[in-house]
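Participant: Residue strings, one per chain:
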Amino acid sequence: MLIQIGITPDPEVDLSLVYDAVIVGSGAAGGMAAHVLTSHGFNVLMLEAGKYVNTSKVLRSMEWPYDHPRRGKMPPDYHALTLNEYTARQSPYAKSSPFTKVESYVQSLGPNDYTKDLVVDEKQNPYTGTTYTWMRARVVGGKTNMWGRLALRLSDYDFKAKSHDGYGEDWPISYADLAPYYDKVDLYLGVSGHPENLPQMPDGRFQRAIRLSAAEVQMRESLKKMGRVLTPYRAGVTTDGLKHNKYRSRCYGRGACHRHIGGCDIHAAFDSTTGLILPALDTGNLTLRPNSTVYEVTVDNRTGRASGVSFVDSRTQRPYHAKAKVVVLGASTLESARLMLLSKSSAHPSGIGNSSGRVGHHFCEHVMGPRVAGFMPSLVGKPRTLDDGKPGGFYIPRFRNIRDKQSGFIRGYGFEGGSGCSMFPSTANTTPGFGQEYKKHVRDFAGATFSMGGFGEVLPRFENYVELDPVVRDAWNIPALRFSYQFGENERKMAADMTATGQEMFEAAGFEIISRSTDLLPQGWSIHELGTARMGNNPKTSVLNQFQQSHDVKNLFVVDGSSHVCASAQNPTWTIMALCWRSCDYLANQLKKGDI
Amino acid sequence: MDSINRRELLGALAGAVCVTGLSGAHVERPSFFTEEEFVMLNTLTELIIPADEHSPGARAVGVAAYIDRVVAEAFLPEDQLSWRRGLAAVDRFSVSSIQKAFNTASGEEQIILLTQIAKNEKNPETAAERFFLQLKQTTAFAYYTSSVGIHREMSYQGNVLLPEFVGYDAT
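From first to last, the protein sequence lines stand for chains A and B.
When we follow my numbering, the leftmost residue of the first sequence carries the number 477, and every step to the right adds one.
When we follow my numbering, the leftmost residue of the second sequence carries the number 1190, and every step to the right adds one.
Looking at chain A on its own, in the form it has when it is part of the complex (with noise of 0.2 Å):
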């Protein structure tokens, strides 16, 4: 029995408090600092730009499609940017638009009535600049309300990438540093996984591994001949349960997941709000309050150290004041970076922390598109299995510039995949013809499918960045961001070689290929940004310091993947959550030494 949710919709904060911390953001980084901030004790006030959407009720994650009056489509005037409108138009892309709302709904997040509202209105939330899919959840838990939720760990092969390849910086910490943060994350929040052993994506303390089907074993065998792996999905998932936490169910297995793509009503899956922002509201340390856009940092000048947040009521406009002694943001790695550009003073003229001018710089991501489609033979017209009922299907890590040197690219890629019966046939969109064929050819092959696309790093590059656009603005009237970013030629090269070792690997399976595709998908499609306030040890060419606190301003810290200094080819969530633990400790520590 899962205990019903209660958030006051609208809190009367109390502004005329000194928070010890004032927390921007309620995602994964926002979230977890809240957690461990709340358990040191710390009288917390997270201040979120969205609002609380209870997704215990509006996810309906078991509804039949033939329930909902438009098969589960989203309003009619409601409006889903689609690839062609990203690549053929310049931004901002909702500019002009009819509808009344335009979303962002990108990879498999499919347009749908459930999780419309908690995407942004991209009309009111413009940008500018070089092609990006910008997807965003301004609402109480952030995108982690609808994640894909592969949970990994990074390894020593990104932490120490610069003296494996000789690119770019090494991070100031390496994976011993966080290897005991990374297990607190999987215990509180629950992981699923197999074990396998690998020093290019570590363990985690799993609970009960997701099944394979039966293409998924015969991939996962054919590929231990090539010294590659294929592992049931590591999910950010409680398999298990959780008995410290009343407001998460274990997961049944119901694959509605794959329909309402993350989004989990029973919060199996792990979302910010139930898994982490809700207890901490029980320790009684925590003030949350939604509808608040935060636009600055506000400093004091004799110091140069941050006195707390300027925001505005996201529904009012009303301006209001936070103190804080310390300031933490988690407003995700481009609102974290807009935020710190946005707060200049007579301290910090370039906008705080920025000293070294690395804010919105050295920007990076997840390269996609590479993707390969088709069918084992010995399953066609067998009789109909359930391939769904599990949070997601398989992985099959980074095998490439591990042992061996790629002559054409640095880094490497992971796969993501699924196989077999799904709710909706996915051979109905890719069997040509009609008629009684057509229809035959959608029922023999459906549970025979197989297929996967990758994930490759993007090297972090100086030259690709964000800063505030001079004229645009959101409807706070604050400055939007502007994008200067593009994929270069490693990516290009890394992603040729994804297409290629992906029909390798469906051959030696002995599959059939129906379709490979080798075109990338624009920049963003991964809503995997990260790096644009790095961490390192030089505060000249790096924001912030091993535990993602500022080297300009000792009381700011930021603790989302703008302080990652490379994307790694694995998934960054859990790492972000692994890094605010642990630098949130330390926060901890200084200020109660009095120390920050």
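Think of the hints as simulated: they come from the structure by calculation, not from any bench.
Idealized CB from N, CA, C, for every residue including glycine.
Any given hint could turn out to be false.
Said to hold, decoys possible - Listed next, the stretches of chain A that the computed footprint assigns to chain B, with coverage defined by at least 3 CB atoms under 8 Å from CB atoms of chain B:
# : region
1 : 534 to 542
2 : 680 to 692
3 : 862 to 873
4 : 894 to 905
What the hints assert, rightly or not - With a straight-line cut-off of 20 Å between C-alpha atoms, the simulated EDC-like cross-links for lysine to aspartate or glutamate are:
#  : chain 1 : residue 1 : chain 2 : residue 2
5  : A       : Lys1030   : A       : Glu772
6  : A       : Lys701    : B       : Asp1358
7  : A       : Lys549    : B       : Asp1268
8  : A       : Lys722    : A       : Glu772
9  : A       : Lys577    : B       : Glu1225
10 : A       : Lys638    : A       : Asp653
11 : A       : Lys577    : B       : Glu1242
12 : A       : Lys916    : B       : Glu1242
13 : B       : Lys1311   : A       : Glu913
14 : A       : Lys527    : A       : Asp641
15 : A       : Lys592    : A       : Asp543
16 : B       : Lys1308   : A       : Asp758
17 : A       : Lys858    : A       : Glu988
18 : A       : Lys549    : A       : Asp593
19 : A       : Lys969    : A       : Glu980
20 : A       : Lys592    : B       : Glu1242
21 : A       : Lys858    : B       : Glu1242
22 : A       : Lys719    : B       : Glu1353
23 : A       : Lys719    : A       : Asp758
24 : A       : Lys916    : B       : Glu1353
25 : A       : Lys1069   : A       : Asp496
26 : A       : Lys858    : B       : Glu1267
27 : A       : Lys700    : B       : Asp1358
28 : A       : Lys549    : B       : Glu1242
29 : A       : Lys571    : B       : Glu1242
30 : A       : Lys801    : A       : Asp1061
31 : A       : Lys858    : A       : Glu913
To be verified - In silico negatives: residues of chain B with every beta carbon more than 12 Å from chain A:
#  : residue
32 : Thr1223
33 : Val1228
34 : Ala1247
35 : Asp1280
36 : Ala1316
Chain A is already provided as a structure; the job is to place chain B on it using the hints.
Facilitator: Positioned in the frame of chain A, the structure of chain B alone reads:
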């Protein structure tokens, strides 16, 4: 869940029976399409996903009625016009090929016409060829999200509570 969802069945009957004018008792008109267009849409969707020995087809699950509902509430006029123009393009193709409106062609002729419109599916050029893709994709969506499509045609087994995951342990 083996039987046709009752609501769909009633909807399908309302669509099929009323528009063909076989029942004088309760005539319900489509919301957006003309009766002629609706007959054509019903025929085309059934040709794309026909009834067979395995399960009912598009007509029985009310695919045309679903499309009518969605197009009627479309926000942009061009999203309605594309359907009207598409059906007209198919009709023009029919007239130019066999000198008959699509609705008056025989079942065999209709299959031949649709085969020609579908042959450039990968690189559609004419208006009728482009419309085929739109029609097929929408038909497939409506059919495979219907109760018949999910439970009877595809015998889908998921969306249930599982104490244990189904499949094979990684070893």
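Participant: Look at each hint and say if it fits the structure.
Facilitator: So, going through the hints one by one against the coordinates:
For a cut-off of 8 Å, the count of residues in the region 534 to 542 of chain A with a CB near a CB of chain B stands at 4, and the three-residue condition holds. Residue count for the region 680 to 692 of chain A with a Cβ under 8 Å from a Cβ of chain B: 8. That meets the three needed, and the coverage hint holds. Interface restraint, the region 862 to 873 of chain A with chain B: holds (5 residues with C-beta to C-beta distance below 8 Å; minimum three). Check on the region 894 to 905 of chain A: 7 of its residues sit with their Cβ under 8 Å from a Cβ of chain B, so the three-residue criterion for coverage holds.
With a C-alpha separation of about 17 Å, the suggested pair lysine 1030 (chain A) and glutamate 772 (chain A) falls inside the 20 Å cut-off, and the hint holds. A C-alpha spacing of about 19 Å is found between lysine 701 (chain A) and aspartate 1358 (chain B), which places the hinted pair at or below 20 Å, so the restraint holds. For a cut-off of 20 Å, the pair hint linking lysine 549 (chain A) to aspartate 1268 (chain B) stands: about 15 Å separates their Cα positions. The hinted pair formed by lysine 722 (chain A) and glutamate 772 (chain A) fails the criterion: a straight-line CA distance of about 36 Å is larger than 20 Å.
Taking the CA atoms of lysine 577 (chain A) and glutamate 1225 (chain B), the gap is near 35 Å; set against the 20 Å cutoff, the hint is violated. Our distance criterion of 20 Å between C-alpha atoms is met by lysine 638 (chain A) and aspartate 653 (chain A), whose separation comes to about 18 Å. Between lysine 577 (chain A) and glutamate 1242 (chain B) the CA atoms are separated by roughly 44 Å; this puts the pair beyond 20 Å, and the hint is violated. Between the alpha carbons of lysine 916 (chain A) and glutamate 1242 (chain B) the distance comes to roughly 11 Å, so the proposed pair stays at or under 20 Å and holds.
Of the pairs offered as hints, the one joining lysine 1311 (chain B) and glutamate 913 (chain A) holds, with about 18 Å between alpha carbons and a cut-off of 20 Å not exceeded. Simply put, lysine 527 (chain A) and aspartate 641 (chain A) have alpha-carbon atoms about 44 Å apart, too far for the 20 Å limit, and the pair is violated. For the hint pairing lysine 592 (chain A) with aspartate 543 (chain A), the CA-to-CA distance comes to about 18 Å; that is within 20 Å, so the pair holds. Pair hint lysine 1308 (chain B) plus aspartate 758 (chain A) does not hold up; C-alpha atoms about 63 Å apart against a cutoff of 20 Å.
Our distance criterion of 20 Å between C-alpha atoms is met by lysine 858 (chain A) and glutamate 988 (chain A), whose separation comes to about 16 Å. This hinted pair checks out: lysine 549 (chain A) and aspartate 593 (chain A) have alpha carbons roughly 13 Å apart, not beyond 20 Å. Using a Cα cut-off of 20 Å, the hinted pair lysine 969 (chain A) and glutamate 980 (chain A) holds, with the two alpha carbons roughly 17 Å apart. Note on lysine 592 (chain A) and glutamate 1242 (chain B): the hinted pairing is violated, with a Cα-Cα distance of about 39 Å set against a maximum of 20 Å.
A distance of roughly 17 Å separates the Cα atoms of lysine 858 (chain A) and glutamate 1242 (chain B); the hinted pair therefore holds under the 20 Å criterion. The straight-line distance between the Cα atoms of lysine 719 (chain A) and glutamate 1353 (chain B) is roughly 19 Å, inside the 20 Å bound, and the hint therefore holds. Proximity of lysine 719 (chain A) to aspartate 758 (chain A) is assessed by CA-CA distance (about 16 Å); at most 20 Å being required, the pair is judged to hold. With a C-alpha separation of about 31 Å, the suggested pairing of lysine 916 (chain A) with glutamate 1353 (chain B) is violated against the 20 Å cut-off.
A hinted pair counts as satisfied when its Cα atoms are at most 20 Å apart, and lysine 1069 (chain A) with aspartate 496 (chain A) qualifies at roughly 13 Å. With a CA separation close to 43 Å, the supplied pair lysine 858 (chain A) and glutamate 1267 (chain B) exceeds the 20 Å bound. A distance of roughly 16 Å separates the Cα atoms of lysine 700 (chain A) and aspartate 1358 (chain B); the hinted pair therefore holds under the 20 Å criterion. For the hint pairing lysine 549 (chain A) with glutamate 1242 (chain B), the CA-to-CA distance comes to about 31 Å; that exceeds 20 Å, so the pair is violated.
Among the hinted pairs, lysine 571 (chain A) with glutamate 1242 (chain B) is inconsistent with the structure: their alpha-carbon atoms are about 51 Å apart, more than 20 Å. Between the alpha carbons of lysine 801 (chain A) and aspartate 1061 (chain A) the distance comes to roughly 16 Å, so the proposed pair stays at or under 20 Å and holds. At most 20 Å may separate the alpha-carbon atoms for a hinted pair to count; lysine 858 (chain A) and glutamate 913 (chain A) meet this at roughly 17 Å. At the 12 Å boundary, the C-beta of threonine 1223 (chain B) stays outside the reach of chain A, the nearest C-beta of that chain being 21 Å off.
Valine 1228 (chain B), annotated as away from the interface, keeps every beta carbon of chain A farther than 12 Å; the closest lies near 18 Å. Consistency note on alanine 1247 (chain B): stated as away from chain A, yet its beta-carbon is not over 12 Å from all of that chain's, at 10 Å minimum. For aspartate 1280 (chain B), the shortest C-beta to C-beta distance to chain A comes to about 18 Å, beyond the 12 Å cut-off, and the non-interface label holds. No beta-carbon of chain A is positioned within 12 Å of the beta-carbon of alanine 1316 (chain B); the least distance is around 18 Å.
The structure does not agree with the numbered hints 8, 9, 11, 14, 16, 20, 24, 26, 28, 29, 34 stated previously, though it agrees with the rest.
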